[in-house]
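Listed below are the residues making up each chain.
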Amino acid sequence: DAGVIQSPRHEVTEMGQEVTLRCKPISGHNSLFWYRQTMMRGLELLIYFNNNVPIDDSGMPEDRFSAKMPNASFSTLKIQPSEPRDSAVYFCASSRTGTYNEQFFGPGTRLTVL
Amino acid sequence: SQQGEEDPQALSIQEGENATMNCSYKTSINNLQWYRQNSGRGLVHLILIRSNEREKHSGRLRVTLDTSKKSSSLLITASRAADTASYFCATDTFATSSNYKLTFGKGTLLTVNP
Chain A
1 DAGVIQSPRH EVTEMGQEVT LRCKPISGHN SLFWYRQTMM RGLELLIYFN NNVPIDDSGM
61 PEDRFSAKMP NASFSTLKIQ PSEPRDSAVY FCASSRTGTY NEQFFGPGTR LTVL
Chain B
1 SQQGEEDPQA LSIQEGENAT MNCSYKTSIN NLQWYRQNSG RGLVHLILIR SNEREKHSGR
61 LRVTLDTSKK SSSLLITASR AADTASYFCA TDTFATSSNY KLTFGKGTLL TVNP
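So the protein lines, in turn, are chains A and B. With the first letter of the first sequence counted as 1, position 70 gets the number 70 in my numbering; the numbers rise by one all the way through. With the first letter of the second sequence counted as 1, position 89 gets the number 89 in my numbering; the numbers rise by one all the way through.
Just so you know, these hints were derived from the structure itself, not from any lab. Ideal Cβ placement from N, Cα and C applies to all residues, glycine included. One thing to keep in mind: the hints can contain errors.
Chain B is nowhere near these chain A residues, computed Cβ spacing over 12 Å in every case [said to hold, decoys possible]:
no. : residue
1   : Gln17
2   : Arg41
3   : Tyr48
4   : Glu102
5   : Thr112
Going by beta-carbon spacing under 8 Å, a handful of chain B positions derived as facing chain A [claimed, not checked]:
no. : residue
6   : Gln33
7   : Leu43
8   : His45
9   : Gly59
10  : Ala78
11  : Arg80
12  : Phe88
13  : Tyr100
14  : Lys101
15  : Leu102
16  : Phe104
17  : Lys106
18  : Leu109
So that you can see chain B by itself, here it is in the shape it has in the complex:
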């Protein structure tokens, strides 16, 4: 099963509203990343939060991490139509010093209506 699971699977909001997406994971992590994917494109990195951080901001993005609950949230404030995309969380499984990979959830499809 996926390490990261996003919730909800789909979210539809009006322009100007805030959008909140959640991610839960199962095993301990070193860091958690959020990516965006526009239709027909590759994924683009948005923000990374380390396991010893609780909150991080980048422009209109705010990410929180609760390692005790094994969950993270991505908040997009003052959404725009251009924010319409799928959003994925990704966790690392750092087993050895040379073994580093990310495991992605299935994503949340965000639609921002003008």
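Looking at chain A on its own, in the form it has when it is part of the complex:
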């Protein structure tokens, strides 16, 4: 299994530009999570999906952030417009739904907004 795949691995953009991060979960996993990691705030859960349906988006910082999961094998996290404070590493993780299941993390996308 290839594991969770994220693209791009690095993204440098200018303030005001739209940024789209992509994630392909592990086949057979029906829960998908988007996290943001910074030195100051640690690892924050932004949103997660169960069977392609958003369950909890309370961690999404503001309306500039949106996430979709059109099918079981693909999800996007979009920031529009981007701001320098959005600079962070964004992780996607997937798991089989259930309380005793580990999450498998992708390698992350390092986003720098200038």
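Fit chain B to the supplied structure of chain A, relying on the hints for placement.
Showing chain B alone in chain A's frame:
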């Protein structure tokens, strides 16, 4: 605030020594997980302990859980330079049958010196 808080924030030891990291949390949990993150990588699941378990072993890892004190510890025995990483505890907040997510602490940075 974070559900899980690791202690210490940083730990530096010599190869061969044991490393102990602690995690405290605030609300009742179903299970607690420990993850490792190597620099520049995604998180990797190490071990899960259920709320009705008190101790669990996996190779050189030993995890304890004290639900009365709302705390857990991760012990790595006979540490190696390759154990150098950040270690995170994560607790679940299982509100409904379809709402499952993990809340991560800020982690302990372990450095094992050769």
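To see whether the hints hold, each was checked on the structure:
No Cβ of chain B approaches the Cβ of Gln17 (chain A) within 12 Å, the least distance being about 24 Å, so the stated non-interface status holds. With a least beta-carbon separation of about 8 Å from chain B, Arg41 (chain A) fails to lie farther than 12 Å from that chain, contradicting its non-interface assignment. Separation of Tyr48 (chain A) from chain B is inadequate, the least Cβ-Cβ distance of about 6 Å not exceeding the 12 Å criterion. With a least beta-carbon separation of about 4 Å from chain B, Glu102 (chain A) fails to lie farther than 12 Å from that chain, contradicting its non-interface assignment.
Look at Thr112 (chain A): its CB is around 14 Å from the nearest CB on chain B, clear of 12 Å, so calling it non-interface holds up. Proximity of Gln33 (chain B) to chain A holds as hinted, the smallest CB-CB distance being about 6 Å (cut-off 8 Å). Given hint, Leu43 (chain B) at the interface with chain A, holds; its Cβ is 5 Å from that chain's nearest Cβ, closer than 8 Å. A cut of 8 Å between beta carbons decides the hint on His45 (chain B): the least distance to chain A is about 4 Å, and the hint holds.
Interface hint at Gly59 (chain B): violated, since its Cβ lies 16 Å from the closest Cβ of chain A, which is beyond the 8 Å cut-off. Taking 8 Å as the C-beta cut-off, the interface hint given for Ala78 (chain B) is violated, the closest approach to chain A being about 24 Å. Residue-level restraint check for Arg80 (chain B) is violated (minimum Cβ-Cβ distance to chain A is 22 Å; threshold 8 Å). With a least beta-carbon distance of about 7 Å to chain A, the hint placing Phe88 (chain B) at the interface is held under the 8 Å criterion.
Given the 8 Å rule on beta carbons, the hint for Tyr100 (chain B) holds: about 6 Å separates it from the nearest Cβ of chain A. The restraint placing Lys101 (chain B) at the interface with chain A holds, with a minimum CB-CB distance near 6 Å, inside the 8 Å limit. Because the beta carbon of Leu102 (chain B) sits about 6 Å from the nearest beta carbon in chain A, less than 8 Å, this interface hint is met. Interface hint status for Phe104 (chain B): upheld, as the beta-carbon distance to the closest one in chain A is roughly 4 Å, under 8 Å.
With a cut of 8 Å, the hint placing Lys106 (chain B) at the interface with chain A holds, because the nearest CB-to-CB distance is about 4 Å. Interface restraint check: Leu109 (chain B) against chain A, minimum CB-CB distance 11 Å, threshold 8 Å, status violated.
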